[in-house]
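Participant: Residues per chain are reported as follows:
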Amino acid sequence: AQKVTQAQTEISVVEKEDVTLDCVYETRDTTYYLFWYKQPPSGELVFLIRRNSFDEQNEISGRYSWNFQKSTSSFNFTITASQVVDSAVYFCALSDNSNTGKLIFGQGTTLQVKP
Amino acid sequence: GAGVSQSPRYKVAKRGQDVALRCDPISGHVSLFWYQQALGQGPEFLTYFQNEAQLDKSGLPSDRFFAERPEGSVSTLKIQRTQQEDSAVYLCASSLDGQAAQPQHFGDGTRLSIL
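Those sequence lines, one after another, are chains B and X.
This note's numbering puts the first residue of the first sequence at 1, with every later residue one more than the last.
This note's numbering puts the first residue of the second sequence at 1, with every later residue one more than the last.
Quick caveat, the hints were computed from the structure, so don't treat them as lab data.
Any given hint could be a false lead.
DEER-style ranges, computed between Cβ atoms [what the hints assert, rightly or not]:
1. X:Leu96 <-> B:Thr30: 44 to 50 Å
2. B:Thr30 <-> X:Ser7: 36 to 42 Å
3. B:Thr78 <-> X:Pro8: 18 to 24 Å
Here are the simulated lysine-lysine pairs, DSS-like style, with alpha carbons at most 27 Å apart [stated by the list, open to error]:
4. X:Lys78 <-> X:Lys11
5. B:Lys38 <-> X:Lys14
6. B:Lys16 <-> B:Lys38
7. X:Lys78 <-> X:Lys57
8. B:Lys70 <-> B:Lys3
9. B:Lys114 <-> B:Lys70
10. B:Lys114 <-> B:Lys3
11. X:Lys11 <-> B:Lys3
12. X:Lys57 <-> B:Lys3
Yeah, the Cβ is synthetic: ideal placement off N, Cα and C, and Gly gets one too.
Make a model of the complete structure from these sequences and hints.
Facilitator: Set out below in structure tokens:
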């Protein structure tokens with residue numbers, strides 16, 4: 001069965017600290033896609049990044065970076081020099097290779113960045 | 001706006017009443033998804049449409065839940081004879097097509113409270 005685990009329920013940091021959000025997934029598919037979404041208090045899920053299973057290159061976008069390691073089935077997300085506006089719930093999600101593309105979400109990590 | 005629009009934003013109903021939740025996807029998006037998000041949890045898949053065809057309804061928790069998308073655009077999720085366990089945020093998402101690689105774009109959700 002497919003599963004996504006975000007073991008960190010809540011993380012609290014002080015502004016300008018770096019923070020890493022962990023994501024571990026399980027799937028039997030050889031082709032799959034991983035996503036990170038941000039959910040601010042307004043409730044809308046905001047797409048951050050997609051990574052496919054055959055591309056293990058790490059990616060950096062401004063203060064955000066992602067580390068995909070197939071060997072450990074992990075897709076971790078790091079925010080460098082965190083800001084108060086980064087406070088939100090972050091979800092990691094897995095999409096199988098079926099023709100629906102439905103997402104399987106982790107339970108989310110609540111990040112609080114204090115000034 | 002150009003995003004996914006959901007209405008109402010909040011809905012309070014008495015147990016036993018029927019409710020209808022509306023989703024207006026991004027124009028031109030073929031695929032539409034409904035998810036249910038319980039408090040403190042990640043979203044869980046309910047059902048999927050490709051145009052007007054409901055291709056996957058495996059996530060609907062009971063036959064009290066019914067979804068339609070008659071013209072391949074706006075979708076309605078209906079819950080009959082509501083129960084307290086139906087209280088949750090209902091999220092709608094759309095994507096360009098049903099391929100697993102496509103990111104899904106979410107609305108703000110409808111927060112349903114059953115008294």
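Participant: None of the hints should be skipped; say for each whether it holds.
Facilitator: Consistency of the hints with the structure:
In this structure the supplied range 44 to 50 Å is violated for X:Leu96 paired with B:Thr30, their Cβ-Cβ distance being about 24 Å. A hinted range of 36 to 42 Å holds for the C-beta pair B:Thr30 and X:Ser7, which are about 41 Å apart. Checked against the hint of 18 to 24 Å, the pair B:Thr78 and X:Pro8 fails, with Cβ atoms roughly 38 Å apart. Between X:Lys78 and X:Lys11 the CA atoms are separated by roughly 13 Å; this keeps the pair inside 27 Å, and the hint holds.
Under the criterion of a C-alpha separation no larger than 27 Å, the hint pairing B:Lys38 with X:Lys14 is inconsistent with the structure, at around 32 Å. The suggested pairing of B:Lys16 with B:Lys38 holds, with an alpha-carbon distance near 19 Å, which does not exceed 27 Å. Between the alpha carbons of X:Lys78 and X:Lys57 the distance comes to roughly 13 Å, so the proposed pair stays at or under 27 Å and holds. At roughly 15 Å between alpha-carbon atoms, B:Lys70 and B:Lys3 fall within 27 Å of each other, so this suggested pair holds.
Taking the CA atoms of B:Lys114 and B:Lys70, the gap is about 33 Å. The hint is violated against a cut of 27 Å. Using a Cα cut-off of 27 Å, the hinted pair B:Lys114 and B:Lys3 is violated, with the two alpha carbons roughly 31 Å apart. Proximity of X:Lys11 to B:Lys3 is assessed by CA-CA distance (about 31 Å); at most 27 Å being required, the pair is judged violated. For the hint pairing X:Lys57 with B:Lys3, the CA-to-CA distance comes to about 19 Å; that is within 27 Å, so the pair holds.
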